[in-house]
Amino acid sequence: MDATIALFLAQDGVTNGAIYALLALSLVLVFTITRVIFIPQGEFVAYGALTLAAFERGVFPLTAVLTVLLGLAAFAVELAREPSARTPRHIVVGLAMDVAFPVALLLAAWHVAPLKLGPAVEVPLTLAMIAALGPFLYRLVFRPLAEASVLVLLIAAVGVHLALVGLGLVFFGAEGFRTQPLTSAMFEVGPALVTGQSLWVLGTAGGLILALWAFFERTLTGKALRATAVNRLGARLVGIPTASAGRIAFALAALIGALSGVLIAPVTTVFYDTGFLTGLKGFVAAIIGGLVSYPLGAAAAILVGLVEAFASFFASTFKEVIVFTIIIPVLLWRSLRTVHVEDEE
Amino acid sequence: MTPTASILRRGLRRALLAATAAVLLPGAALADITVGLIVPATGSTAALGIPAKNTAALFPDEIAGEKLRLILVDDASDPTTATTQARRLVTEEKVDVILGSVMTGAAIAVAGVANETGVPQLALSPIDLPAGKDTWTFRMPQNVTLMAKAVVEHMRAKNIKTVGFIGFSDAWGDFWLRDLKALAEPAGLKLVAEERYARADTSVTGQVLKLLAARPDAVLVGASGTAAALPNIALRERGYKGQIYQTHGAVTHDFIRIGGASVEGTILASGPVIVADQLPESSAVRAPALEYVTKYEEKYGANTRTQFGAHTWDAIQVLKRAVPAAMKTAKPGTKEFRAALRDALENEKEIAATQGVYNFTKTDHFGLDQRGYVLLSIEGGKWTLVK
Numbered sequence: 001m002d003a004t005i006a007l008f009l010a011q012d013g014v015t016n017g018a019i020y021a022l023l024a025l026s027l028v029l030v031f032t033i034t035r036v037i038f039i040p041q042g043e044f045v046a047y048g049a050l051t052l053a054a055f056e057r058g059v060f061p062l063t064a065v066l067t068v069l070l071g072l073a074a075f076a077v078e079l080a081r082e083p084s085a086r087t088p089r090h091i092v093v094g095l096a097m098d099v100a101f102p103v104a105l106l107l108a109a110w111h112v113a114p115l116k117l118g119p120a121v122e123v124p125l126t127l128a129m130i131a132a133l134g135p136f137l138y139r140l141v142f143r144p145l146a147e148a149s150v151l152v153l154l155i156a157a158v159g160v161h162l163a164l165v166g167l168g169l170v171f172f173g174a175e176g177f178r179t180q181p182l183t184s185a186m187f188e189v190g191p192a193l194v195t196g197q198s199l200w201v202l203g204t205a206g207g208l209i210l211a212l213w214a215f216f217e218r219t220l221t222g223k224a225l226r227a228t229a230v231n232r233l234g235a236r237l238v239g240i241p242t243a244s245a246g247r248i249a250f251a252l253a254a255l256i257g258a259l260s261g262v263l264i265a266p267v268t269t270v271f272y273d274t275g276f277l278t279g280l281k282g283f284v285a286a287i288i289g290g291l292v293s294y295p296l297g298a299a300a301a302i303l304v305g306l307v308e309a310f311a312s313f314f315a316s317t318f319k320e321v322i323v324f325t326i327i328i329p330v331l332l333w334r335s336l337r338t339v340h341v342e343d344e345e
Numbered sequence: 001m002t003p004t005a006s007i008l009r010r011g012l013r014r015a016l017l018a019a020t021a022a023v024l025l026p027g028a029a030l031a032d033i034t035v036g037l038i039v040p041a042t043g044s045t046a047a048l049g050i051p052a053k054n055t056a057a058l059f060p061d062e063i064a065g066e067k068l069r070l071i072l073v074d075d076a077s078d079p080t081t082a083t084t085q086a087r088r089l090v091t092e093e094k095v096d097v098i099l100g101s102v103m104t105g106a107a108i109a110v111a112g113v114a115n116e117t118g119v120p121q122l123a124l125s126p127i128d129l130p131a132g133k134d135t136w137t138f139r140m141p142q143n144v145t146l147m148a149k150a151v152v153e154h155m156r157a158k159n160i161k162t163v164g165f166i167g168f169s170d171a172w173g174d175f176w177l178r179d180l181k182a183l184a185e186p187a188g189l190k191l192v193a194e195e196r197y198a199r200a201d202t203s204v205t206g207q208v209l210k211l212l213a214a215r216p217d218a219v220l221v222g223a224s225g226t227a228a229a230l231p232n233i234a235l236r237e238r239g240y241k242g243q244i245y246q247t248h249g250a251v252t253h254d255f256i257r258i259g260g261a262s263v264e265g266t267i268l269a270s271g272p273v274i275v276a277d278q279l280p281e282s283s284a285v286r287a288p289a290l291e292y293v294t295k296y297e298e299k300y301g302a303n304t305r306t307q308f309g310a311h312t313w314d315a316i317q318v319l320k321r322a323v324p325a326a327m328k329t330a331k332p333g334t335k336e337f338r339a340a341l342r343d344a345l346e347n348e349k350e351i352a353a354t355q356g357v358y359n360f361t362k363t364d365h366f367g368l369d370q371r372g373y374v375l376l377s378i379e380g381g382k383w384t385l386v387k
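These protein sequence lines map, in sequence, to chains A and B.
Okay, so the first sequence: first residue is 1 according to my numbering, each after it adds one.
Okay, so the second sequence: first residue is 1 according to my numbering, each after it adds one.
If you're looking for bench data, these hints aren't it; they were derived computationally from the structure.
Do not rely on the hints blindly, as some may be mistaken.
[Unchecked claim] In silico SDA-like links for lysine to any residue, alpha-carbon gap of 25 angstroms or less:
no.	chain 1	residue 1	chain 2	residue 2
1	B	K190	A	T317
2	B	K53	A	V170
3	B	K181	A	F314
4	A	K116	B	K181
5	B	K53	A	V59
6	B	K53	A	F171
7	B	K295	B	A57
8	B	K241	A	Q11
9	B	K382	A	E56
10	B	K53	A	L62
11	B	K190	A	L167
12	B	K181	A	F318
13	B	K382	A	G173
14	B	K382	A	P181
15	B	K190	A	A315
16	B	K299	A	V59
17	B	K241	A	I5
18	B	K241	A	G196
19	B	K241	A	V189
20	B	K299	A	L167
[Claimed, not checked] Chain A residues, not near chain B, derived (Cβ > 10 angstroms throughout):
no.	residue
21	G94
22	A104
23	P114
24	L145
25	A157
26	G173
27	E175
28	V194
29	W200
30	L202
31	A227
32	I327
[Said to hold, decoys possible] If you anchor each label on the Cβ, the simulated ranges turn out as follows:
no.	chain 1	residue 1	chain 2	residue 2	range
33	A	S184	B	K295	40 to 48 angstroms
34	A	P329	B	K295	53 to 61 angstroms
35	B	R156	A	A6	30 to 38 angstroms
36	B	G381	A	G118	40 to 48 angstroms
Glycine included, each C-beta is placed from N, C-alpha and C at the ideal position.
Bound-form chain B, shown alone (with noise of 0.2 angstroms):
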């Protein structure tokens, strides 16, 4: 070996010593609050987590006077992931509370490790789990049903008849698909075909025919992020000339620039925080939601924002309120410090955030309501509130 070499291995080797020095001594001084952040920010759902992992940039630095200590890890869109990060966060990390996963099915795996290990969790999706199993678990989205209901009264009030949907092969199309079920009757909608794609699909072609051949008065995709735009484009090519329902799974820029002029007049449910200059002055959203927005944009640019990166800005809102009041009973880092926080937050009353007004109670932890949804419309390339 030459001498340059072994200095160079030498001091790589010091570097590799001080770094797992650095690992192995305790990371959180006593008392900081230590949060996990579990987001997607590679694999099928990486356009969801990329904005929520961008957001972590902007948390502030302390809590209720405490220093926060984020530790952000990847689960790859994959729910076994997420789950063995989530063990990791609880048992090596100590976390006070895990923020996340923005995937559906990984937020699910989420929700276990977090009942079985009583850590509250701030989902960032809108998930269902079985009663009693959402004892730790507290959701940052809109409940689909919530959103779905504001879709179908919209249906209704435009005197629409028929409805047909096309939604992903998964989790996400499954919760509309079931909700528009259950309320599309009682409004007096008649669903008249039901179709399913995937995300990575190239065509919808047989399924747009299929829904036009049942001529339905509108159409509602149920999928998320630019995939969403594929039905839609699909469905003007093939001259439809019907209303067309998204989710708020698609209220992203890129949806514009994918979906261009086939997209004009689509409807969307959304967060409010999409439109935040358009919202009344009345509005409790309002204020933070352009606190964010002009945060977020400052840093990556005008027209990011997304309601993924929203919904993670919404739970350090949440945190806000929630840790002082936590603090009163137990010190972070302990077992009743964790008990305390998930009290808290289901005492806490009207936490005014971006993406609407949060109350949690006992019963309830999805604890948005009809301040937490507007509905957007496409005109001239941009988002318009549905007044």
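Isolated chain A (complex conformation) (with noise of 0.2 angstroms):
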């Protein structure tokens, strides 16, 4: 192993913890403001390359109507469960978000999918079609159960992700897709190649932690998500509406997921079912950051994306025990280090 050896490896390493680190990022962000650990986040990824592959391929992606039919079964359930959305003003709103939103971007991907327009147009109607399953799957499953305990939602959430896997089979088959790379740049820095398309995923990782930090920082609707977090029954005491703050929790992370899936689509080839080996990644890293530290959390998962890469080249038989591995010292020292309260509430 020499310089240029290293160079590569720790190039691929940060390449790919950064799409480790969006995900232990929603993954983070979801469980914090609703309790969820939300093992489908790695599907996004999966649906989001998959989606734009069918574009490329001048293909309609059924995604569109998964979108279609979750936003009508949302507004349904919630009409019938709920006396406060009968309201007109609601069922006006509910039309227009749950109903005629998706139905436009269905038809707009209809229209769009054979014309073949490149990622300038394809690469925002994957994301807005994906960043909508995520509110739409938080209203049907897991804002009923608002209430139940960790366990109980972590069991809805494998329920969603085996759901989404299966539909997923259906909805791209069984083989794998690549999409054309944004560009082909290489560039040479000292005895390394870089791929220009390793600084597009690492500027736009970068770029999407920043806009996080600001949007928590800065804007209210941030300020009020952190307050959910923080204590969901005083965030409430004080008039924030604790269920929007899900609604948008659910919208991020699956607009990081899709934007992940859009970012390794060129790199790698993706299958219906890749997701969820890396969104366990991501789940690796968040677990190391407690769950509740962003940047513990996204420095945790370029730490995973580096033992993998040198992992993969001194012992690639064992590649994935040793990824897997890093979590037990953490939890060790972790159950050591405070005090075990039963989380139970």
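Assembling the complex is the task here: the two chains are given apart, and the hints tell you how they should meet.
Printed below as a string of structure tokens:
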């Protein structure tokens, strides 16, 4: 092993780590606000990548249909269950957001798919369709369980994961896809070659982290989300609508997942079930950050990426074992350091 | 409850009752040939299972004048599910023969049930079993050793001295690495690097750098489906100029679609069905292979043929020969028939099918010879027969 190889591996590790960091951030975001350990986060990655790949081949992505159906279901269920949703104002807003918006996306996708207009049109459309899935899933599955224990929410999350993987197989087929790279540029930095695509990944991840930071620090909505994360009951007492906090958290998580998918699709083959393992590595990072700390989670994600890259060089047979073993010393250290509290409220 | 809802509900209850009755009534008239087909239609190996499932739609209605009753089940790429499904097929459906599974692990699980209950199994994966455990198991696909010999022979002819291996960290990768290790040294080849990766991996940079550092003349990729293209692409991206070999697990049209320019010139060991139209007229395989390819692609579109589907089709070709022989001694649906079918499979000779000519014997339950494989290379995005 020489410096060149080390640089290549480091580049690979940091690029993958950036993706894991995005996933870790969305996992922390969803957990702190809704207490859901969001296993299906990885599915958004696969859906994002495969939806874009479908557009690229000029095929209408069935994801659009799922968005419409979930929107209709969310609208209907709320109408049936909550009297407050039956006021004329709520019905109009609901029809616009849950029915008209997904249908508009579906029509746009139907229209755009055969034209092959390129990433400038297809990427935003993909992101919009999948970002909409997040809040719909929250309202259908997690909102009615909002007061349940973490364990019940986790089981519901596993259920959503299984359903989404199955639907992914129906939508996209069993074979994997790749998309065209956004750029094929290569830069020589000292002895190493840096690909333009990895700069895209790092740039987008960095930009997104900054944007999230600004959102939480500078905007009223962001501050309301943080307040909900710190104390849900207290937040509600001072007039913060916690349900809308959950919706926003899920929308952000779905958007970040889809974006990660769009970013990795050109560098690797994405299958309908690829998301789970990718999401799990983001989860390892989030756990190292204690599922509460954004900076720790992001840093841990880069570490996971680096460990993975170097493990695949030195001991490819044991790569996954090594990556997932990182979690054990962290858990030991955390359980020794903190006083254990039964967190069932 | 509103009257409409109650009528609807009554209607639904009736439909359910009818369905239950249909399930409970004995499904097979006496002397129907009952075939159980176990494929991974979902889960991690769905890419292999779906063409097998699609092929089942092309099966004939009868074999040797007897009605063919096909029961298709999904093992979800899970050996435990495969075991349960195989047991259900044997005890409840009283199948005469089990086809499947396509997934290696699941096929091994089914073999356990077949051996225990005395039902012939035509496995759709080239599984290795301990001696004595394959009495009831016959494999349709080519033995990995047979294919590895073809690959190593080609390497020797091309004057390749050193070879690197990168393969799946599962049974498929194990089989290939084991055979490559065993065959390389006698052929004067040196195995200089062995790397593993998983189907769902998003990057193989580390493994590829290690391979490159060992400077092999050729690299063998022991993987399957589109995931096999990943090391191929990574090697070419890093400027590897040597020959790349792939296994028959990688031969699908999607492999070329994913690999694009990176897989040009790659050599693959494959069953002959993929290049049915390029086979010489004298080949015994040409006619059956063309028949299957025409039928399959008529229904599912051009360039959709796969080996996994062809193996499933071949199982029926083999049964077409073995069933009439077995029916001379016993009636389908009986224990005697299953034993007679097993003997007939061992005794019938020169069964020409899409993937080769089968000659199962008492000691060889693989049954294929050199007519069962070809070497392909990818030229201009198309499969080309290596002469």
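(request) Report holds if the minimum CB distance from A:W200 to chain B is greater than 10 angstroms, and violated otherwise. (result) holds, 15 angstroms
(request) Would you check the hint for B:K53 and A:V170, treating anything up to 25 angstroms between C-alpha atoms as holding? (result) At roughly 15 angstroms apart (the allowed maximum being 25 angstroms), A:V170 and B:K53 satisfy the hint.
(request) Measuring Cβ to Cβ, find out whether A:L145 lies farther than 10 angstroms from everything in chain B. (result) holds, 27 angstroms
(request) With a cut-off of 25 angstroms on the C-alpha distance, tell me whether B:K190 and A:L167 pass. (result) Roughly 46 angstroms separates the two Cα atoms, so the pair is violated.
(request) Measuring Cβ to Cβ, find out whether A:V194 lies farther than 10 angstroms from everything in chain B. (result) Given a closest Cβ separation of 13 angstroms, the condition holds.
(message) Just to be careful, I want the Cα atoms of B:K53 and A:F171 compared with a cutoff of 25 angstroms; is the pair within it?
(response) holds, 18 angstroms
(request) Verify that the Cβ of A:I327 lies farther than 10 angstroms from every Cβ atom of chain B, and report whether the claim holds or is violated. (result) Holds, since 18 angstroms exceeds 10 angstroms.
(request) Grab the minimum beta-carbon distance between A:A227 and chain B and tell me whether it stays above 10 angstroms. (result) holds, 36 angstroms
(message) Hinted pair, alpha-carbon criterion (25 angstroms max): B:K53, A:V59. Please report holds or violated.
(response) holds, 24 angstroms
(request) Examine each Cβ of chain B, and state whether all of them lie more than 10 angstroms from the Cβ of A:A104. (result) holds, 32 angstroms
(request) Below or equal to 25 angstroms on CA atoms is what counts here, so check B:K53 against A:L62. (result) The hint holds at about 22 angstroms.
(message) Check whether the Cα positions of B:K295 and B:A57 lie no farther apart than 25 angstroms.
(response) Holds: B:K295 and B:A57 sit about 11 angstroms apart, inside 25 angstroms.
In summary, the numbered hints that this structure violates are 4, 11, 26, 27, 36.
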